[in-house]
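Chemist: Based on the provided sequences and hints, a complete structural model is requested.
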Amino acid sequence: MSLLAFFKWLADTPWSVGLHESQYAYPIVESVHVWGLCLFFGLTVMFDLRLLGWTLRREPVSEVARRLLPWTIAGLVVMVLSGGLLFFAIPLRSYQSIFFRAKVVMLLLAGLNVWIFHSRVYRRVAAWDLDAAPPRAARVAGALSLVLWVGIIASGRMIAYNWFDCDRQPQSAIINFLTSCVPAESEY
Amino acid sequence: MSLLAFFEWCEQSGIGVAIRDSVWLFPVIEAFHLVGLGVAGGAVLLVDLRLLGVGLGRQSVAELSEDAEPWLLGALAVQFASGIPLFLSEATKCYYSFAFWVKMTSLVLVILFTFTVRRRVTRMDLASTRPLLGRFTGLISLGLWSGVGWGGRWIGFSS
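Chains H and Z are the protein sequences, given in the same order.
Quick note on the numbering used here: the first sequence kicks off at 1 and runs consecutively.
Quick note on the numbering used here: the second sequence kicks off at 1001 and runs consecutively.
Hints are supplied without guarantee of correctness; some may be wrong.
[Said to hold, decoys possible] Restraint-style ranges between C-beta atoms, simulated for each label pair:
1. Z:VAL1117 to H:SER172: 51 to 59 Å
2. Z:LEU1133 to H:ARG57: 25 to 33 Å
3. H:VAL104 to Z:PHE1006: 39 to 47 Å
4. Z:GLY1053 to H:VAL114: 25 to 33 Å
5. Z:ARG1058 to H:ALA143: 21 to 29 Å
6. H:PRO183 to Z:ARG1058: 54 to 62 Å
7. Z:VAL1117 to H:VAL104: 39 to 47 Å
8. H:ALA126 to Z:ARG1020: 51 to 59 Å
Please keep in mind that the hints were generated in silico from the structure rather than gathered at the bench.
Every residue gets a Cβ at the ideal spot worked out from N, C-alpha and C, and that includes glycine.
Modeler: Rendered as structure tokens:
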């Protein structure tokens, strides 16, 4: 079964249709997603700014990580759960949305950035913990994280708009390629 | 001039019309508004979690809020710069939106609270001797900001 067929099937399940069409459940999940954004993205920004040496300069980097990371992870859990529900409510359209795809790519890159940061420069944090401006590798990780998360938020917000949707033809060939859209076969 | 007439006048303003006539402007401004919300949220949480006794603990509250304040003010500037054009483009809808008024009421209250009570509590480090005062300050701040955020998101759901 292809992903397209799977999401087509998922979109027709009663729970997916119910969530999509609900008067309150869907907006509530959306609001939780925005609330989680403040917690997760807000604290991520503060940590990234510390890595760049732009705030909390008197606070050891490991202390900021240790105290804020549990909240950041809690925020991430809220984001993944509410985001998963939002996808589940509109699976086929999201799967074929160019903005959703851009968001997923940037999420993977942001995850990779976290992994590289923690497995490399952060391992030696004891050596630069108190530096007001951390080493270059840490600053780069912080800057990359900021750029990627801003991109993720912007593309996430754009998923709501249907400019490039498969059921809105004609689209240029490149758009239809990037959204795996075969106009004649698409069903909504 | 009645309030409704004022809102209708806002909607007919050049900026409002330009945003309505554009396919991209509203969504792009919205994205900035969302990023600004996140940064403001982070700057607020940094201090409020500390006041609640569950965040950073080494520095004094005064030092921490000194670090966070430029980011809060910067984010608020982004929020006004992006939020006002968004409002201008759909002012009449806002007038009839319950969520809009929840948001504006919370916003006025939280700004008053932040720059009077909360600023006094943080700058004078009152929470170090009166932790309960700190906790209440943090809770009220977070509660009011939540009202701003939720109200704001729900403006988009009312038609």
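Chemist: Confirm or reject each hint.
Modeler: Evaluation of the provided hints:
Remark: the range hint 51 to 59 Å for VAL1117 of chain Z to SER172 of chain H is upheld by a beta-carbon distance near 56 Å. Against the hinted window of 25 to 33 Å, the Cβ-Cβ separation of LEU1133 of chain Z and ARG57 of chain H comes to about 28 Å, which satisfies the hint. In this structure the supplied range 39 to 47 Å holds for VAL104 of chain H paired with PHE1006 of chain Z, their Cβ-Cβ distance being about 44 Å. Between GLY1053 of chain Z and VAL114 of chain H, the C-beta spacing of about 28 Å keeps the proposed range 25 to 33 Å intact.
As the Cβ distance of ARG1058 of chain Z to ALA143 of chain H is approximately 25 Å, the hint placing it in 21 to 29 Å holds. A hinted range of 54 to 62 Å holds for the C-beta pair PRO183 of chain H and ARG1058 of chain Z, which are about 59 Å apart. Separated by about 43 Å at the C-beta atoms, VAL1117 of chain Z and VAL104 of chain H satisfy the suggested range of 39 to 47 Å. In this structure, ALA126 of chain H and ARG1020 of chain Z meet the distance hint of 51 to 59 Å, their C-beta atoms being roughly 56 Å apart.
Consistency with the previously given hints is maintained throughout, with no hint failing.
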